Amino acid sequence: MTTAAEFVAVSRHFGDFTAVDSLDLAIREGALTTLLGPSGCGKTTSLRMLAGYIEPSAGKIMIGGKDHTDAPPEKRDLGMVFQSYALFPHMTVAGNVGFGLKLRKVPRAERARRVAEALELVGLGHLGDRRPKALSGGQQQRVALARAIAIRPRLLLLDEPLSNLDARLRVQMRGEIRRIQAETGLTVVLVTHDQEEALEMSDHMVVMNAGRVMQQGAPDELFPAPANRFVAEFLGYENFLTLPERGLVTVRPELLTVAPGDVGGGETAVSATVRSIAYRGVEVRVALDATTGAGGATTPLVASLRGDALTPEDRAALHPGGRVTVSARPDHLVSLAG
Amino acid sequence: MKRSSPVAASLAVLGYLVMIVPILFVVATAFTEGETLRFPPEGLSLRWFDEATSYQPFTDALLSSLQLALLATVLALAVGIPATLAIMRGRLPGRSLVEGLFLSPLILPELVVGLALFQQLMLQLELDNFQALLIGHTALLLPYAVRVTGASLVLADPALEEAARGLGASPLRTFFTVTLPVLRPGIISAALLSFVTSFNNVPISLLLQSRDFRTLPVTMLDYVQQNYTPIIAAMSTLLLAATVVLAVVAERILGFARIFGGINR
Ligand SMILES: Nc1ncnc2c1ncn2[C@@H]1O[C@H](COP(=O)(O)OP(=O)(O)O)[C@@H](O)[C@H]1O
Ligand SMILES: [Mg+2]
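Here the protein sequences line up with chains A and B, keeping their order. For the first sequence, counting from 1, position 158 maps to 158 in the working numbering; every step adds exactly one. For the second sequence, counting from 1, position 232 maps to 1232 in the working numbering; every step adds exactly one.
You may find that some hints are simply not true.
No farther apart than 25 Å at their CA atoms in a straight line, the calculated lysine to any residue pairs in the SDA-like style are these [as the list claims (entries may be wrong)]:
#1 Lys105(A) <-> Ala1159(B)
#2 Lys105(A) <-> Phe1176(B)
#3 Lys75(A) <-> Ser1170(B)
#4 Lys133(A) <-> Arg1184(B)
#5 Lys102(A) <-> His90(A)
#6 Lys102(A) <-> Thr1179(B)
#7 Lys60(A) <-> Ser1170(B)
#8 Lys133(A) <-> Phe1176(B)
#9 Lys102(A) <-> Glu1251(B)
#10 Lys105(A) <-> Thr1177(B)
#11 Lys105(A) <-> Ala1086(B)
#12 Lys133(A) <-> Glu1251(B)
#13 Lys60(A) <-> Phe1176(B)
#14 Lys75(A) <-> Ala1086(B)
#15 Lys105(A) <-> Glu1251(B)
#16 Lys102(A) <-> Val1245(B)
#17 Lys102(A) <-> Ser1170(B)
#18 Lys102(A) <-> Arg1184(B)
A few chain A residues facing chain B, derived, Cβ under 8 Å [unchecked claim]:
#19 Ala51
#20 Glu55
#21 Pro72
#22 Leu78
#23 Phe82
#24 Pro89
#25 His90
#26 Phe99
#27 Gly100
#28 Arg104
Just so you know, these hints were derived from the structure itself, not from any lab. Note that the structure is predicted; figures quoted are calculated from it, not measured. Backbone N, C-alpha and C fix where the C-beta goes; we use that ideal spot for every residue, glycine too.
Please construct the entire structure, taking both the sequences and the accompanying hints into account.
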């Protein structure tokens, strides 16, 4: 694995506030890395430090193995797509896409070819003569993408690229960005607060909170094994309970089984009272209060059952106030650090 | 659009009347055949326009005024635009102080500014009166240049300049290829406003004038103090016509929304 860029103990303070706290992160060449986390956790600040728009308070930014901490943005050769797209209003679409090539003194004919190629790649080959303001939001974003790609950047940086699009377009663009990344072989860093987007798009995802990395890894490694409660909650886990022998564990709602009756006991079975039931077609979601403490303390749990697999006895027990036993396979429980 | 109330509409009409009617009287008297400035005009002729355009103190002063207004506008923009960028985009330490400094001519009485410049520039530094006038007018126009271009800079997306940098443009290159073109409507309106302000200025010009270099408003003011002929009405009418043409051309090129909105989108 080659490293395209690296944060080495990078911090950024704004006055007394620490927006990014000693970030160590390697960006793998040719992969799509997402920075995922709630609003305000330092994703944009990190990306802008990589691009050279914000100076780190401490640490080093390495690009292509060389220290770029003090290099201005124009010396970094990165392609950035801004949340506002930032298309130049006084230039045509082709003028926008060719801007970086002109600065690199690419001869006119080759420039035209590469502009056309970049616009083709984002599916806007026919719109080169338009002004940006004559385009829809989705088209403007594609132009911004083409402009960043046309310079053949060392990294492509995307800050919440899908958040200004409507829901349908957003899902479509996830695939488009993956396709463009595969076709160009570009190294991509994408910032998002949407865990579904990160899971679907990433080769490598980095979950951040309060300026720190909470956990990182490939989506299929990370999702089944969140390291701590924050990551688990952020990835959509809802069930958290403390077991006497294992400490804090989490388990996904669809991995719980609910049986009628009050059998209790056992490491991975607890008795519970049904709080409410929601039928969602195939899925039946059951909210439960599990009796976990000796003094009758309860913990809320959610189980997701398959409606067509329920027996008549199950159905009889599933009403608010019904007593049930909730269990899970030990290997489906994920121990959390806290 | 919201419908205005009848009261507001009548007030607006009244306002226009108060402004326009006296001007119409001036325009009408300019076309008189007689010797005196009076309404209604006696007969109809263009003779006073002939007189006005061939009266050398006026034509000399017109050229002086145009020259001064043009140079002062260019200087005010050349200093004001970078100053605006430094104030609004830069990381100046005493930023509000600097802004205050650039805007202060707006609130100081112009006579005081003129007198101060007269004492400092002409008596102390012994500049000639054109140089002193140029400095005085530039100072007078700076607040307009800073305010109007500043208003359009507020509306411009800072990411535009960042995007240009990221694509490989140096700060200077970014300024010329992105910042200036995006601010162009604001800069043009600042230039128009500055030009007209300088061209019409009396107090500063009055204090810094000399026999060799005198602006048109000051010359006309001098003239009406001595004489009361329709030549002054004819000259005013010509200036009015020129202003209207300028406004129409500006509207054609930019549109008022853009002149006053001040940004290229
Ligand atoms: N220029 C700034 N001045 C002060 N605080 C800032 C500045 N930029 C960002 N912050 C703060 O730093 C934190 C991280 O911001 P940001 O990186 O934009 O978060 P994210 O992109 O993850 O939502 C936020 O709390 C934000 O308010
Ligand atoms: Mg952000």
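Going through the hints against the structure:
1. Taken as a hint, the Lys105(A) and Ala1159(B) pair is honoured in the structure, with Cα atoms around 23 Å apart against an allowance of 25 Å.
2. Only pairs whose Cα atoms come within 25 Å are accepted, and Lys105(A) paired with Phe1176(B) is accepted, the gap being roughly 17 Å.
3. Under the criterion of a C-alpha separation no larger than 25 Å, the hint pairing Lys75(A) with Ser1170(B) is consistent with the structure, at around 9 Å.
4. For the given pair, Lys133(A) sits about 17 Å from Arg1184(B) by alpha-carbon distance, which is consistent with the 25 Å threshold.
5. Restraint check for Lys102(A) and His90(A): satisfied, since their Cα atoms lie roughly 16 Å apart, inside the 25 Å limit.
6. At most 25 Å may separate the alpha-carbon atoms for a hinted pair to count; Lys102(A) and Thr1179(B) meet this at roughly 17 Å.
7. Between Lys60(A) and Ser1170(B) the CA atoms are separated by roughly 23 Å; this keeps the pair inside 25 Å, and the hint holds.
8. A hinted pair counts as satisfied when its Cα atoms are at most 25 Å apart, and Lys133(A) with Phe1176(B) qualifies at roughly 21 Å.
9. This hinted pair does not check out: Lys102(A) and Glu1251(B) have alpha carbons roughly 33 Å apart, beyond 25 Å.
10. Among the hinted pairs, Lys105(A) with Thr1177(B) is consistent with the structure: their alpha-carbon atoms are about 15 Å apart, no more than 25 Å.
11. Between the alpha carbons of Lys105(A) and Ala1086(B) the distance comes to roughly 29 Å, so the proposed pair goes past 25 Å and is violated.
12. For the proposed pair Lys133(A) and Glu1251(B), the alpha carbon gap of about 21 Å is at most 25 Å, so the pair holds.
13. Distance restraint check for Lys60(A) and Phe1176(B): the Cα-Cα separation of roughly 32 Å exceeds the 25 Å cut-off, and the hinted pair is therefore not satisfied.
14. Pair hint Lys75(A) plus Ala1086(B) holds up; C-alpha atoms about 23 Å apart against a cutoff of 25 Å.
15. Straight-line distance between C-alpha atoms of Lys105(A) and Glu1251(B) comes to about 38 Å, which puts the hinted pair past the 25 Å bound.
16. Taking the CA atoms of Lys102(A) and Val1245(B), the gap is about 39 Å. The hint is violated against a cut of 25 Å.
17. With a C-alpha separation of about 13 Å, the suggested pairing of Lys102(A) with Ser1170(B) holds against the 25 Å cut-off.
18. Of the supplied pair hints, the one linking Lys102(A) and Arg1184(B) holds, its CA atoms being roughly 22 Å apart against a limit of 25 Å.
19. For Ala51(A), the shortest C-beta to C-beta distance to chain B is roughly 6 Å, which falls under 8 Å, so the interface hint holds.
20. The interface hint given for Glu55(A) is broken, as the beta carbon of that residue sits about 11 Å from the closest beta carbon of chain B, more than 8 Å.
21. The restraint placing Pro72(A) at the interface with chain B holds, with a minimum CB-CB distance near 7 Å, inside the 8 Å limit.
22. Restraint check, Leu78(A) versus chain B: the minimum CB separation of about 6 Å is within 8 Å; hint holds.
23. For Phe82(A), the interface hint holds, since its Cβ comes within 8 Å of a Cβ in chain B; the closest pair sits about 4 Å apart.
24. Interface hint at Pro89(A): satisfied, since its Cβ lies 5 Å from the closest Cβ of chain B, which is below the 8 Å cut-off.
25. For His90(A), the shortest C-beta to C-beta distance to chain B is roughly 4 Å, which falls under 8 Å, so the interface hint holds.
26. Against a cut-off of 8 Å between C-beta atoms, the interface hint on Phe99(A) holds, since the closest Cβ of chain B lies about 5 Å away.
27. Because the smallest distance between the Cβ of Gly100(A) and any Cβ of chain B comes to about 4 Å, under 8 Å, the interface hint for this residue holds.
28. Nearest Cβ of chain B to the Cβ of Arg104(A): about 6 Å, under the 8 Å cut. The hint holds.
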